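Student: Spelled out, the chains give:
Protein chains: 6
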Amino acid sequence: MEQLHPLQYEELIKNEIHADIGFAGDLTSTFFIPADRNATASIASRQEGVLSGIDIALFAFRVVSSEIVFEKYMEDGSSVKAGDRAATISGPARAILTAERTALNVLTHMCGIATMTSRMVKAVEGTRARITDTRKTIPGLRALQKYAVRCGGGVNHRFGLDGAVMIKDNHLAGFAGWEEGIPALKKKLGHTVKVEVEVDTLEQLKRLIGLPVDIVLLDNMTPAQLREAVQLVAGRMITEASGNVSLETVREIAESGVDIISSGALTHSVEALDLGLDFHP
Amino acid sequence: MEQLHPLQYEELIKNEIHADIGFAGDLTSTFFIPADRNATASIASRQEGVLSGIDIALFAFRVVSSEIVFEKYMEDGSSVKAGDRAATISGPARAILTAERTALNVLTHMCGIATMTSRMVKAVEGTRARITDTRKTIPGLRALQKYAVRCGGGVNHRFGLDGAVMIKDNHLAGFAGWEEGIPALKKKLGHTVKVEVEVDTLEQLKRLIGLPVDIVLLDNMTPAQLREAVQLVAGRMITEASGNVSLETVREIAESGVDIISSGALTHSVEALDLGLDFHP
Amino acid sequence: MEQLHPLQYEELIKNEIHADIGFAGDLTSTFFIPADRNATASIASRQEGVLSGIDIALFAFRVVSSEIVFEKYMEDGSSVKAGDRAATISGPARAILTAERTALNVLTHMCGIATMTSRMVKAVEGTRARITDTRKTIPGLRALQKYAVRCGGGVNHRFGLDGAVMIKDNHLAGFAGWEEGIPALKKKLGHTVKVEVEVDTLEQLKRLIGLPVDIVLLDNMTPAQLREAVQLVAGRMITEASGNVSLETVREIAESGVDIISSGALTHSVEALDLGLDFHP
Amino acid sequence: MEQLHPLQYEELIKNEIHADIGFAGDLTSTFFIPADRNATASIASRQEGVLSGIDIALFAFRVVSSEIVFEKYMEDGSSVKAGDRAATISGPARAILTAERTALNVLTHMCGIATMTSRMVKAVEGTRARITDTRKTIPGLRALQKYAVRCGGGVNHRFGLDGAVMIKDNHLAGFAGWEEGIPALKKKLGHTVKVEVEVDTLEQLKRLIGLPVDIVLLDNMTPAQLREAVQLVAGRMITEASGNVSLETVREIAESGVDIISSGALTHSVEALDLGLDFHP
Amino acid sequence: MEQLHPLQYEELIKNEIHADIGFAGDLTSTFFIPADRNATASIASRQEGVLSGIDIALFAFRVVSSEIVFEKYMEDGSSVKAGDRAATISGPARAILTAERTALNVLTHMCGIATMTSRMVKAVEGTRARITDTRKTIPGLRALQKYAVRCGGGVNHRFGLDGAVMIKDNHLAGFAGWEEGIPALKKKLGHTVKVEVEVDTLEQLKRLIGLPVDIVLLDNMTPAQLREAVQLVAGRMITEASGNVSLETVREIAESGVDIISSGALTHSVEALDLGLDFHP
Amino acid sequence: MEQLHPLQYEELIKNEIHADIGFAGDLTSTFFIPADRNATASIASRQEGVLSGIDIALFAFRVVSSEIVFEKYMEDGSSVKAGDRAATISGPARAILTAERTALNVLTHMCGIATMTSRMVKAVEGTRARITDTRKTIPGLRALQKYAVRCGGGVNHRFGLDGAVMIKDNHLAGFAGWEEGIPALKKKLGHTVKVEVEVDTLEQLKRLIGLPVDIVLLDNMTPAQLREAVQLVAGRMITEASGNVSLETVREIAESGVDIISSGALTHSVEALDLGLDFHP
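Those protein sequence lines, which keep their order, are chains A, B, C, D, E and F.
Position 24 (the first sequence) corresponds to 23 in numbering that gives the first Met the number 0; numbering is contiguous.
Position 128 (the second sequence) corresponds to 127 in numbering that gives the first Met the number 0; numbering is contiguous.
Position 140 (the third sequence) corresponds to 139 in numbering that gives the first Met the number 0; numbering is contiguous.
Position 133 (the fourth sequence) corresponds to 132 in numbering that gives the first Met the number 0; numbering is contiguous.
Position 33 (the fifth sequence) corresponds to 32 in numbering that gives the first Met the number 0; numbering is contiguous.
Position 36 (the sixth sequence) corresponds to 35 in numbering that gives the first Met the number 0; numbering is contiguous.
Any given hint could be a false lead.
Copies of the same chain look alike in the list, so a pair counts if it fits in one copy or across any two.
To be verified - SDA-like cross-link-like pairs, simulated, lysine to any residue; straight-line CA separation at most 20 Å: (1) Lys187 with Gln2; (2) Lys185 with Gly125; (3) Lys205 with Gly125; (4) Lys167 with Asn14; (5) Lys167 with Gly125; (6) Lys80 with Asp273; (7) Lys121 with Val212; (8) Lys80 with Lys121; (9) Lys80 with Asp199.
Note that these hints are calculated values from the structure, not bench results.
In this text, all values refer to a predicted model and were calculated from it rather than measured experimentally.
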């Protein structure tokens, strides 16, 4: 499993802890726990799922105190069962308690994404379809959320508005048609950028074929329509299905033969995985 | 309804849009949509819920272009039905398209929180219980998430580690007992700060009574235990229930007579409310 | 003594040193002192007082060069006499000279606060009164100034506008009266937040009693009035005196029986403690 | 009077207000003052002094609400008497109350500096001496403090380590002597930078004469020694006196004939000028 | 011509001006030019070239004073001759003088890039080749430099390491071969990302054909080799030539039939275009 | 050779790498190079020149991975020949490849400046003239560019608008004449700041003599005029020549006897020195 670069999360975590302690500090730890008290605690899962973000969580503890040391038992992308320990942290008790919430907040969120992605990926096993995300991400968390999708076995859609051209229904609302617009765009566009176009109907799809388009997004089509679309495209473009993607529907969508299935809910409606911090007696 | 201060979200939104356009800009708008094309679009809900974050969403459009103007039809805290328009935006089509996703990402998240909070608040109507959040928030979003809870009719628990003392089970794991620890803490603590202590059993609660504690957190108790706890406390402390709080259980918890019910899921497991941007023909 | 978290001062100190060296660097050290010259110097007090900020001062040296090492002889909160050495720094002479002023600027300021606080605390010894600060702080330095107050034996008033409700005369200027305003406020306010109200007269105080208020600020009252106020309150609220608080007056104020005495001058009119850097021959 | 550039204070003020409101906002204003209540208030002095920082104070109000308008009656550098109004602010009562403390904190500090500087400047009237500051400033506030010195009629010493060469006693502690060091330095130093050297005795001064030095700092000399030093220098260098500079001593120092008198206390031990915010009935 | 988004340059320009004025401000303007003096000045070219960055230059003036107004006579991408005025600025003379250098520094750099790009583009007119840049950019300026290339009629290569896969000689130095490496990579790579591979010889090129590669970079080949490479590829990949690209060589390279010619010197070795600020009498 | 302080480049380099990897990371390294592959590579020059920025380049590698170690063979200011290795880097192959471009972009730029400066310095050897830069720098790079000038043997002109007074033609366009303006300025100006005035003709120069001016900038004069100017000044001011300074002209300018020759092209029109990264087999 590859890892996020610290530049992609260090400021987020530092700012979060800084804001959490504010001008005053962690009043509870500071005034209730002796400064010289050390402790050991484990990050343990209370649910089955997929790990993502363990290095970020451990970084949070290290931000609070450079005296904290840890042992990591699992890497991101690993399956966890209820009771599994991902890592053990040792150091000043005050610092562990101060960092606990920030560490768990980011970890449980990322594990939630990885876990749901992994379920989707398993549901389409044996088909050609790959599971991908969207730009429907939480502000400030895109790099982390997209990484969590990869931890769950998915691949990533474009990362930002600068990553690929994506012409959607709103781009066509009363504007340039594809026939003139796409060739004009291609003249100004760098040669490293792909072009994707969204269609809602098979009629639209037919108009699209033959244009210099790399990917077609088949939005809100039924499995039957998707199957027909895949046949129409016949390998000339990458086919991507979106809309109504859930654990219940994803298998049937995949069996239509599309290359890619994208789901906004993977990142916009995340159910946190339940992990906690257990202090050793 | 009060409003967030722009200082609480401007940097988040600017950074998000800046990262989204990257070095290259919005390739699709820039190269597909004519620079002089104007458009009008509405932010419309596709689901029933409670509005939260409309000013932040509108700010996102204004970040992309100062030429964008808008009309706002609803304020945060309003109920929305499927089809309701919250606001209409007019200006350069390129800019509207560039800002669309960032605006909706933050808005659908905040409305999701406000909507679930509002359902919880309605579920306990007629009891003395108030619904509150926790520090189980998404990194970088605490101010926005806690505001969304207020939009849904909830009140806020402490905002950070500097807002109140909160002694939980992990603080007691092998450390100072309450009997010496709390009086020692009170001597160093400013006079404006409240002290809350978590208990898991009625036995613990009995030990706590008589100590200078403002709030007791009754964690993971059954409704019957909560009722007994409320009677034991007899108004000497504020009572707060937590654990297993859901739309299904919250009424029964509230009927135990507790003052406060806190739910982490309000902010850590948010289901986005479905809102979209409809371009006017 | 607890310590500030590095997040609370690192950026301040780095920015200060960065601005001090600017585009050009420390011209004097760079062009006058050989690069390979090492030196040892001590931070020594030239006055009696209380130490505060020694770790921040040492951090300033480390910012300029990671080759600097130090020995610390005293912790924050210690009493110092003229001639006492708080720490000794060794490393590249250039770096020590570059950091010297920033280190001393922050240290002498914080020691100044701790020293005056400590004098006030000693002046009220034997009474129930505790010395506290206000929000009358220098922009950018609140966390450091409030920490220095704690180093001197004081406790902290609220840290920011988000830390407690504080209704002062200006809040009442033509607005909602307490009788409707405070209950309305309590409905929206989280259960962890205390409410303080300022009164200038005993008549106002009488009106306040019975309202859900945690702390009463008795502003600019004579010792006699304060005594009467304390009797009127009779333990139903915490009593805080403010106005005309100085080393000369504080004992008499404390003997009125108030719980808290707050002084803005502790942080808004600081006389720096004289500490210097002595190079070892 | 020239003005600070907004780049020199906007971030300081925004960060201060942002930290003051934190995640939660101004709880008192938000929950006690109606959102639609407007108010007018004046910034008034309660003491005699010199104004400095009025634009920064007004900026603080504007940061909190762009709906705030103001009238300014005095510019920085003006003399104020007790009761004088410097400006009047009108707008949402909540916003005025939220900004009040930040505005006054910076204003009273800067006026304190300008006032003391002005007293020093008056004390030396008729001599050739000009009053100047040092680098003994509060971290984060150097631009503002040095500007306040100018408001009081002083001039500024170097702004940072990059502004001039300044060889002090600590630079000589066991290092290169002036005779080789200064010529070597001049070869690497740009032609726009002046060189100042500190001496403590007349013997040192004699050794210095003839070297390519622009300014001599005469540290901790008696008025008699200063007079002799000025005669020795005979216009070949600018003469600057420092050490034991106070309102009591400054006239006698000036009468020695030195060109410049520098005082660290102007910025390191500031007594705030008493200004307040009066709400109009 | 499209425009850069202000988020892509505002911070750069503000920081530059802030650092330029430092703690002290623009000493010359402040102390030599009266505060109430107004002036008008034109940005004029002293050389033939292509305009790029005019909005950024004008922004620099507006940063220094919001009282500055301007008229713009030309848009980015326009040809300029010696003597042409691009814009006229009016406002406080102090502010114009303070901003002058920052404005011109960025403008002359960007115009230099646009001008050289435009010459290259003209040199290949009539061939299929498009001129493109590289990631050999000045730190902090990539968005501006790549935009300047577009102003000159070029197109952009990938913007960052996240924009496309680009396998170069150093990636192959003792590592995975293409045959296993590229298919493995394609499984993890999102469907919106293109793959480019660098080859130095025709033998390497032959090995590459048939692999799922979108673009081949033909590095340091002679025109004859390039011609042969283009024939070998036969439209199955986009062909890009690099190495030894200059105004002298570019036409011959283009006539080989390659699709793209990339030049690092466009951004790493920029000769500024000579533009100046002329004050109106 | 002195060194830049890390505060002067760390943020620049971190931001550049962060922007380069974006939300996605280095797609090529991550998905093509195995995580556990280590490599060694050398920074080698392909041209003759002067080294500048080697520590910054090495820092770039360390930003990407703290596991990278290096050996440095040369310090800034050293002469390099084609084939010379400046340093060798070892560590994770992925990290080396990710950092390569940022490291080389900054290094080749700085070496380009040092190399050209060094040629100028050699060209004037034996005269009294010193080579200096201007404020015509690339936004964000001034500290680095001016340091590179020092690496090449030049000295620096003022670093910013706060470093010296510099009255140019545009300052005089219709404003205060020198005769009143300069004495007025001197009264407000600190005693550590020098005053420089630009003249274009010998007539202007004659008017200037006798005013309290430290440096005269002789702009765009012929060698003959410069000689005459130097004689007129007769040591009363430092003489600086500017305009039409190139490797071809600089010797003749220097032989006029001026003290300083300043060149904008040293920093505004930099030709990068060709250095590359060679992986060891």
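Student: All hints, please: hold or fail.
Tutor: Here's how the hints hold up against the structure:
Only between protomers do Lys187 and Gln2 lie at most 20 Å apart by alpha-carbon distance; the minimum there is 14 Å, versus 34 Å within a single protomer. In this homomeric assembly, Lys185 and Gly125 come within 20 Å of each other (Cα to Cα) only across copies, at 18 Å, whereas the closest approach inside a single copy is 36 Å. Taking the shortest Cα distances, Lys205 and Gly125 never come within 20 Å of each other, neither inside one copy (29 Å) nor across copies (34 Å). For the homomeric pair Lys167 and Asn14, neither the shortest alpha-carbon distance inside one copy (36 Å) nor that between copies (24 Å) is at most 20 Å.
Proximity of Lys167 and Gly125 under a CA criterion of 20 Å is satisfied in neither setting, with 30 Å inside one chain copy and 34 Å between copies. With identical chains, the CA atoms of Lys80 and Asp273 are at most 20 Å apart within one copy only, with a shortest distance of 11 Å there and 32 Å across copies. For the homomeric pair Lys121 and Val212, neither the shortest alpha-carbon distance inside one copy (30 Å) nor that between copies (28 Å) is at most 20 Å. Only within a single protomer do Lys80 and Lys121 lie at most 20 Å apart by alpha-carbon distance; the minimum there is 17 Å, versus 36 Å between protomers.
For the homomeric pair Lys80 and Asp199, neither the shortest alpha-carbon distance inside one copy (41 Å) nor that between copies (25 Å) is at most 20 Å.
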